[in-house]
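Build out the structure end to end from the sequences listed, making use of the hints.
Those sequence lines, one after another, are chains A, B and C. Letter 185 of the first sequence, counting from 1, is numbered 185 in this note's numbering, and no numbers are missing. Letter 18 of the second sequence, counting from 1, is numbered 294 in this note's numbering, and no numbers are missing. Letter 144 of the third sequence, counting from 1, is numbered 727 in this note's numbering, and no numbers are missing.
Derived by calculation from the structure, the hints in this document are not laboratory data. Hints may contain errors.
Covered stretches of chain A, as calculated for chain B (at least 3 residues, CB under 8 Å) [to be verified]: (1) 122-130; (2) 187-195.
List of simulated lysine-lysine pairs, DSSO-like, C-alpha gap at most 30 Å [to be verified]: (3) LYS711/C <-> LYS725/C; (4) LYS806/C <-> LYS772/C; (5) LYS397/B <-> LYS725/C; (6) LYS855/C <-> LYS772/C; (7) LYS725/C <-> LYS598/C; (8) LYS142/A <-> LYS547/B; (9) LYS711/C <-> LYS806/C; (10) LYS725/C <-> LYS192/A; (11) LYS806/C <-> LYS725/C; (12) LYS232/A <-> LYS43/A; (13) LYS711/C <-> LYS698/C; (14) LYS698/C <-> LYS772/C; (15) LYS232/A <-> LYS397/B; (16) LYS725/C <-> LYS394/B; (17) LYS879/C <-> LYS938/C; (18) LYS658/C <-> LYS725/C; (19) LYS192/A <-> LYS938/C; (20) LYS547/B <-> LYS44/A; (21) LYS711/C <-> LYS598/C; (22) LYS192/A <-> LYS711/C; (23) LYS762/C <-> LYS658/C.
Computed from a predicted structure; not experimentally measured. For each residue, glycine too, the CB sits at the ideal point set by N, CA and C.
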Amino acid sequence: MTTGQRIRFWISDHIVMLVALFVLLYLFLPVAYTFAFSFNNYKKSNISWNPEGSPTLDHWQNPCGPAGICDALTTSITVGGIATLVATFLGTLLAFALVRYRFKGRGVGNILVFIPMATPEIVLGASLLTLFVQGFSQFGLKLGFWTIVLAHIMFCLSFVVVTVKARLQSLDPRLEEAAADLYADSFSSFWKVTFPLVLPGIVSAALLSFSLSFDDFIITNFVSGDTSTFPKYVYVSYLRGIPAQANVIGFSMFVIAVALVVLGQVIGSRRRSPVK
Amino acid sequence: MSALAHLGSTGGGAQAPGGAAPEPTKKGGFTAYLLLLPGVLWLLVFFVAPMVQLAAVSLQSQFPGYPGYYYRDVNFGSYLTAITEYLPHFGRSLLFAGAATLFAFVLAYPLAYAMAFKAGKWRGVMMICVIAPFFTSFILRTVAWRQILADEGPIASTLRFLHLLPGGHITETWVAVVAGLTYNFLPFMVLPIYASLERADPKIIEAGGDLYANGLTTFRRVTLPMSMPGVLAGTLLTFIPAAGDYVNAELLGSDTSTKMVGNVIESQFFKVLGGFPVAAALSFTLMAVILALVFLYVRRYGTEELL
Amino acid sequence: MGIFSKSTGGFREAKGDLILENVTKSFATFTAVDDLSLTVPRGSFFALLGPSGCGKTTTLRMVAGLEQPTAGRVKIGSTDLTGSRPYERPVNTVFQSYALFPHLTVRDNVAFGPKRRGVADAVAEANKTLELVQLSHLADRKPTQLSGGQQQRVAVARALVNHPEVLLLDEPLGALDLKLRREMQVELKRIQMEVGLTFVHVTHDQEEAMTMADTVAVMNLGKIEQMGAPEVLYDLPRTKFVANFLGQSNLLHGTVQGTDGDSVVIGSGDHKVKVRQARMATGEGGEAIFGVRPEKTRIHDTDPGPQLSGASIGPGTLLDVSFSGVATQYLVEIPGVGRWAVYEQNLDLDRIDNKPGDQVWISWNPGHAFGVRS
Ligand SMILES: Nc1ncnc2c1ncn2[C@@H]1O[C@H](COP(=O)(O)OP(=O)(O)OP(=O)(O)O)[C@@H](O)[C@H]1O
Ligand SMILES: [Mg+2]
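Structure follows, in structure tokens:
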């Protein structure tokens, strides 16, 4: 191997990783900014760094200080939780039907699930708003918490179906045959083999649902009326100046999410490794 | 949290070992319909019905002289307004979203490739790094970008100092909007590509390396085609939300020259009295354009397995 | 998936031979198994041998209940199993790709069957069976943490633990390398002798089938071509397919030209060869194929003469000689007949002076020749 080749190999071996790290840095830059400015002892608005008195822990000690911020956070978490539960349940049933059965209308079903994902959020939001305002208001449904939940379930549903479907399709059909061969009737074959094997897909789908719901702004903005979620709170307070407590909460959610995922992976890998 | 990674299969990825995803063998109308019922009902009530309602609104006419009051009609006037008055906005939406998709692809591919083939035990950590920023909130991060790119911020000042910034600003220009879109939808590009690369057998790529001495040829002939389902899913998941976005243009763009269709729809809905029909017409036009593009794109590059 | 349907039928205790009666399986446009009948004696090691796609797996799946025959019956002893569900049959399968449950430990994989059947001490049963396949030390691992050979043994244990009346093995050794394959063949045979169950073993490795099985059935295009003890099958193939599939044969396509004592004369052009009446698979007259195994033949520099008439052929042109120490292999082109092979043990060393291009004759002991249908 010539030196030239060696250099080329080194570059081709490492350049990808270097670029990847650079991209990750890019992804993290605004998060780091958010973190840094949660310590800013700002005067009017949290835009420029005030060297006087910074860094300060004031905002961290009083995260619920600004009116409504923690209510908005609670709403976001509750909406995310409910939407995730319902969407995961309904989506899993849909995925099973679409992957496992041949029936009339399967193609239409697949399209019905796919189209919401190919529809821009703003169109979803606008259409839901017209429905809620012009259709559902007759039944006494006001824009607010429940309309947000209904809307979030709808747009999370397709993502759940896609995620669970992928997992189901990659499942070896012979495993279920093996179960049947080993005296499992269809009931125990489902609960002892199919379900545990699809479960990681369902958990992924649930996590995805929650992240999408928690971070959604566009649809929420259309259907929320006077109710505020955390992203909406930040957007609305943008003109007045976003309080540093939003940075505190945003960064904490990031840390909590990372911690939970790491914890999940550690537990997962411990369960997978041999007991000994 | 490999959740999003499964999205790679939107492009027909995940398959049972031993070839194509098996066609379902079970005939079972009754059970299948029972399983479908709640989900399909939900989509009918909260997706199809609103769309129908929105279509009806887009065809309404206004009572002359009473702004904000409409009657049921089949009037395509709003579509005419939507297309003639807001053509530049459509152009920008597609252009910005296209550019953002391209940039996201360029950034995402090396990251996804590194995660799939180079990261080893760091794979999980990298995956978390890609997804975790979601939880800081999309709005908060976009606002952070506004400050980072601001005139007095480090990047703009440096570029100005080097005389590399002709206009003097980054924010308030289309550059900032495209950068914001690229940033915000990057994870939707990374994860499907990663998922399809991860399923690919590294041995095939090695074999490609044997056949083609040139690394670039190997990539073009072997690696890229294998990750095509992921690339397809990734571009759709980036392009579609980017084309409909208005937050980036609102927070990073200027008042006039960078507004996208989303901004118009939003303001017609919330800020213009009597704007509902035009907003609805804009929404439908946008959706039609996107669906047409998606259709052409999938037909050109994709598989039918997408559905 | 029928989450809501509990089992309706019951488990069928059945003892006796495995019997397939006129079993046919058709897929949409294709008949994979065609009017197949066979009986596998209880406690025997039965090998189903055939080329890829001939319907071996389909046959096994019908016995297991994973597939229902289009026509015909599957029985064990006098109990008709046709139409019953897989979990109702006293039959277990070792799958072609093992199909171990990835989310369960080795022990739980093995205990799966006994637990479903409500066996009181399922785990103890599992441990006992793991001992039989010598895997006790790996019981707490997950299947992905095992080597191919170990996974294969788990698959065997998982089926054996249920003490099925019939154990089906679908190319259980197909994924293993040659050395491990040979070891596992011995191992499987040992286990079968120890537990005394009926084993139906599918393979397309003829050597594997012949060394392991009491009875070999050669299958082709959805039908059984011939069935019997391995040595009988080898010595006296009854069809051209079997003659070529099981080992190698030198063939001569000709017509029956009459009888000579207890032999039938088959002729083609100038060549006339004889086959004992009892070793002919066709009746009088018509087309027939004469065959003899290469290792039953000898090579000559000169015409062996009339005393070997009907048990020799020639002259032919020697195409290739390959010397492999204990034996020499000759390839001879016989005009109007085709290429014949001769394997000769190197008993007398002065014979290796034959060169490609030489004129040679081939002879054999008339008792080793056979005749098959064309
Ligand atoms: N579900 C099916 N639908 C249609 N044709 C099938 C199906 N299953 C099997 N076949 C066909 O039936 C024939 C027999 O298949 P089978 O799996 O029994 O072969 P095999 O003898 O086990 O082959 P191998 O040695 O390669 O495993 C094949 O030609 C196959 O293509
Ligand atoms: Mg087979």
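Q: Sort out which numbered hints this structure fails and list those numbers smallest first.
A: The structure conflicts with hints 2, 6, 7, 9, 11, 15, 18, 19, 23, although it agrees with all the remaining ones.
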